[in-house]
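**Student:** Listed in order, the protein sequences are those of chains Z and G. By the count of the working numbering, the first sequence reaches residue 480 at its end, each step adding exactly one. By the count of the working numbering, the second sequence reaches residue 774 at its end, each step adding exactly one.
Calculated directly from the structure, the hints in this document are not laboratory data. Note that beta-carbon positions come from the ideal geometry of N, C-alpha and C, so glycine has one too. Warning: the hint list may mix true and false statements.
[As the list claims (entries may be wrong)] Take a look, some chain Z residues computed to stay more than 12 Å from chain G by CB distance:
#, residue
1, GLU50
2, GLN175
3, ALA255
[Said to hold, decoys possible] Rough simulated footprint, nothing fancy, chain Z against chain G, three-plus residues with beta-carbon under 8 Å:
#, stretch
4, 69–81
5, 218–225
6, 468–475
7, 650–660
8, 683–694
9, 730–743
[Said to hold, decoys possible] One-sided excerpt, in silico: chain Z residues whose CB lies under 8 Å from chain G:
#, residue
10, SER73
11, ASN100
12, ARG160
13, ASN373
14, ILE389
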Amino acid sequence: MSTNNQITFVLNDELVNLNFSDQFGETPITTVLNYLRSRPGYAGSKEGCAEGDCGACTVVIGSLSDGQISYTAIDACLVFLPMLHGKQLLTVEHLGNSSHLHPVQSAMVETDGSQCGYCTPGFVMSLLALYKNYNNPSREVINDALTGNLCRCTGYRSIAEAAAISCANDGQDQFTARESDTAKLLASIDSSSIYIDTKKHVYFRPESLAETLDIKKEYPNILVINGATDIALRVTKLKEHLPEILDLGNVAELKEVKESEGAIHIGAGVVLEHMKTLVQDQFPALYDMLAVFGSKQIRELATLGGNIGSASPIGDIPPVLMAYNALIVLVGSDGERVIPMREFITGYRKTQQANDEIIKSVTLPLAEDNCKVQSYKISKRKDLDISTVSGGFSVTLGQDGQVTDVCLAYGGMADQIKRAAKTEAALIGKPWNRDSIEAATNLIDEDFKPISDARAEAEGRTVMARNLLMKFWSDTI
Amino acid sequence: MATEHESAKYHVTGEAIYVDDMQVSEQLLYGKVVYSPHAHARILSYDINKALTIDGVHAILTYKDIPGENQMGPVFHDEVVLAEDEVIFIGQAIFLIAAENKDIAEEAAKTIIIKYEVLPHVVTMEDAMKSGRLVQPQRKIENGNVDAARQEAANILNGELKTGAQEQWYLETQVALAHPGEGQELKVYSSTQHPSETQALIAEVLDIHKMEVEVEIRRMGGAFGGKETQANHTAIWASLLAVKTGKPVKICLGRDDDQIMTGKRHRFLMRYEAGFTDDGLITYMDVEQNADAGSSTDLSMAILERAMMHAENAYYVPNIRIIGNAWFTNLPSNTAFRGFGGPQGMVVIEEIIDRIARKLGKDARELRKLNFYGIDERNEAPYGQIVENTLLHTLYDQLLETSEYEKRREEINAFNAENEFIKRGMALSPVKFGISFTTSLLNQAGALAHIYKDGSVLINHGGTEMGQGLHTKIKDLAADELGLDPEQVKVNATSTAKVPNTSATAASAGADLNGMAVKNALDKLKRRIANSICDDFNKESTVQSKPEEIEFKGGKVFDSSNTDRSMDFAESIMKAYLNQVSLSATGYYKTPDIHFDREIGKGQPYYYYAYSMAVTEVEVDTLTGHYTNIRTDILHDVGNSLNTRVDIGQIEGGYIQGVGWCTTEECKWDKNGNLLNYSPDTYKIPNIQDIPKDFRINLLEGHPNGAKTIRRSKAVGEPPLMGALSCWLAIKDAVSAAGNHQIEPDFSLPATNEVILLSLDKIHRKLKSSE
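Bound conformation, chain Z alone:
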């Protein structure tokens, strides 16, 4: 792989080549937001938090696939510049100006969707993505599209109304008119691997698994990113330099989705928003969890592999994968190996993954008919929040109605995602009724000694954990 030190993307309707060799210019870990705001005429996108929680920096990314451009809203503060390679970047400046407004902009004016106006460009860009993807969206779809944008002034009613009245034109606008030209520009960009080597940073964005594993071997301590919605905060908040990055975002094999008898295999590079649609019918508990995972802007970036690999004690997806008894497929220089999710995490942010391995995919087996699976997330705010306590639960009942198998995987209760072993043991062989549950909940205190932190006190967490078991029972009878 040769050093190209350069990326190419389409800014609205113009090809932009960025060369990282210039030591005074951008670095490979410059965020898209900082890049935009450093350019004249691009102050519309705002920094409200630099961590993907407020959406004031929302921009829209156009991606070419089968000759069509799809539009997704993302948080520009979480995206490193090389991730833009081969994409179209649209900002609020490209929609219209105060004399000629885009339909989503004029709707925001009409409904009084802005007061102080600081969050407004971000909302407008989320609305643009909604406009391009939905016609006459339901309130549920509108809320989902705008969950990642915080407004402190309006109380949101007016903004939801702007969404409802504007998204009724089949997504037609100036971008539609130019779409074939834009597609040609995007197609002209060489989408193969990127290798950036400045004196301060190396940044790899390989296109194949083989290349990825070679890099991993050559740079055993390289920081692997797969969406980077978590890692980006080390740059924006902790001001770290991150000298070596391996970005899996362009590895084709990791995007693969396959179905086999009784199972679905989802590549580690699949973004969670896409995964949400993949699991909707067959894995409802996983769908429920994904529906309250971050925001749409986050889910368009964050990947399955990233969420599992970070092995956070408050990760949302691992408990549900444990409940479904999913399998993690690792790949390394010695080939593949398969580890049950229930055994994959070994400690605080520790897994069985070896240094030369990456997560390739996850195998989700369909639950048996007599197995019930549910997921729960308790967070201070229902949406776009991190779990205080979460649960991925499954129970299998024998023909006599007694529990033959149970998995109670909790997040937020220990230094890793952990099953309530004693509680589970107490339930085996018992009838699935309220008495059994009430007796079992008393063992939660023995299974976990949670911490007190910004989200809740230990006592609150314990009550939550007990309650979730009761909720699981009440939802499965």
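Once you've looked at the hints, dock chain G against the given chain Z.
**Tutor:** Frame of chain Z; chain G shown alone:
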């Protein structure tokens, strides 16, 4: 009127310029504040030499580099600009760095070495109250005879209630850009609600005259009180660096730094006792309000004063004693936040009524009505003001009907009887909010209006735009006064060079004060123009037009008793110019008839009251503690609205902001005084999923303000926030339903899902032990 926000088109296109968006010369330096990691410590030594050698670092300042006073306390001078030998909270500024870019500034900050001796500190309310250290002397307001009433009371209840701190969470963090000019001149673009004070403090810190300092703000990206005094800090720091380096310097706090360094809505711990009759009529109330002032006074005493003056909210309490304490803690100084103590003051009596209702087995809304201020009697506020023109009864009657309260109460009871794990609750709560700064002299405003030769009009006034629509209202008002379309009028960026010695845009009084000042300026101009065109009309004519009969309407200026004598506005302006008439005028206004004596706690502090009433219904999942706001109805009194679209936006937004305070917004500190919720990762303001599924806002019609305000309108900024108490009470009502309303829920504010679940856990334990 109902025009769109004057900046709406700029907001939605990203064309609106905020301080951080301004194009500045390449000389711009970035300022960085190095702050204390300790809640209380002595600075033993420090070394900035290595940091100074970093390429691109232009200056590092300590308190020794301050030319003037090392003080930035807005009312009381008890707050240093940069720490000297002691730090008293985490986030307190010690050094200022100016560097060519943010990365260099960060690198320099990491290189500075400071050695501390950690000292004992106070973080919790309980410790603060034990310490006995008040930031200013205790305050008291008393009416009637509480002790005698206690002796006679048929029933007495007492309790303690804690309310949490709330971060303003303006989307635009604190930011200032200071631009040095010739000599001592300095132009400062500051995201401030109070440009005159920002200017004054910069001048004092730099030891220069105020005339040298111009502070300008076009718009803020939200403020909510958080930029009333604490915007001064960033502006002062940027100014110090700009003067030292001779280059423009910008400081824009990152979100985490902003949350760590700046003050919040005051935490309160309140102890109360109340007596009531068997019917639920309150006979006395004895309240002790304890506020967490933080490490300096800031606006704490004014906030405490407003909390005390709203302790009775909408209810007549014949015998009342309110004690107010503002305690020192080793935290950033707490400061203004929409409501300004009002919410904390009101919540206690709302809690008392809620508890009385549970004790008596009544619906709390009946007791609220029973205890409302009377119209001709039972209408003296604890501080002696007569509560006139009460709209409480009007609002109550209308809202009870439009919200279908009775019918829904029955449905809720039926729902709760059938559902074990999901419970519904509902509450009605009123707001009576006093309008005026309680420091009476602050109720003054100025304006400067120019009319140019083409007939276009530029209005300057002392108020600042933070999203609340003040400039929209002023623009509409000015256009209407002159008979023009709003497009012919522009409201300028607020500048201390245009209108001096202004008060903060606060206390909901922005439009009341500045609207009147602008009208005063325009009245002068209209009189001059009328005189001028009458001179023209009357020239060589026997028919005499009188200036007082000249009207400004529909883009014309005409003699109302001789409408043939008419001309376009622009023509009248050109004629005035040719007649050598001044087309620029200042305006001024001060609120009449208000006064308050702090020593005795009596007076007439408010020009009038604004009223609101809300009914909120919620559904609580008693296993997760998550709640859903099913429906909210608000009936709100804005007198004659200056702009219904702006006002409805204020009401909706204020309510939701209040809901945040009541539910998900929680500030916690560890034992060392570190704020744990210092970013939106852990600090959760409401998002779109949290708003009522059914949200109905109505303006009360047909009730112009009884006080002679601008167009008989009423202030709207703060009052709606407190409607959110209905949400807090509704959640409590749903929790109470789990104990069949027989057990008083253990509750505090915010009612996070943790508070809800622990409260339910206690109820369940009590139910079990009584089985």
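**Student:** Verify the coverage statement for the stretch 69–81 of chain G against chain Z, using a C-beta to C-beta distance below 8 Å and requiring 3 or more qualifying residues.
**Tutor:** violated (count 0)
**Student:** Counting residues of the stretch 468–475 of chain G that have a beta-carbon nearer than 8 Å to any beta-carbon of chain Z, does the count reach 3?
**Tutor:** It holds, with 4 qualifying residues against the three required.
**Student:** Is the claim that Z/ALA255 lies outside the interface with chain G correct, judged by CB distances over 12 Å?
**Tutor:** holds, 33 Å
**Student:** Against chain G, run the beta carbon of Z/ILE389 and see if the smallest gap drops under 8 Å.
**Tutor:** With Cβ-Cβ at 7 Å, under 8 Å, it holds.
**Student:** Three residues or more, CB to CB closer than 8 Å: is that satisfied between the stretch 730–743 of chain G and chain Z?
**Tutor:** violated (count 0)
**Student:** Does the closest beta carbon of chain G sit nearer than 8 Å to the beta carbon of Z/SER73?
**Tutor:** With a minimum Cβ separation of about 23 Å from chain G (threshold 8 Å), the hint on Z/SER73 is violated.
**Student:** Count the residues of the stretch 650–660 of chain G whose Cβ falls closer than 8 Å to any Cβ of chain Z, and tell me whether that reaches three.
**Tutor:** holds (count 8)
**Student:** Grab the minimum beta-carbon distance between Z/GLU50 and chain G and tell me whether it stays above 12 Å.
**Tutor:** violated, 8 Å
**Student:** Quick check on the hint: Z/ASN100 CB to chain G CB, less than 8 Å?
**Tutor:** holds, 5 Å
**Student:** Tell me whether the statement that chain Z covers the stretch 218–225 of chain G is true, taking a Cβ distance below 8 Å and needing three residues at minimum.
**Tutor:** With 4 residues closer than 8 Å to chain Z, the stretch 218–225 of chain G meets the three-residue bar; holds.
**Student:** Verify this label for me: Z/GLN175 is non-interface relative to chain G, using a Cβ-Cβ cutoff of 12 Å.
**Tutor:** holds, 19 Å
**Student:** Was the hint right that Z/ASN373 lines chain G, CB cutoff 8 Å?
**Tutor:** violated, 24 Å
This entry does not satisfy hints 1, 4, 9, 10 and 13, going by the numbered hints stated previously.
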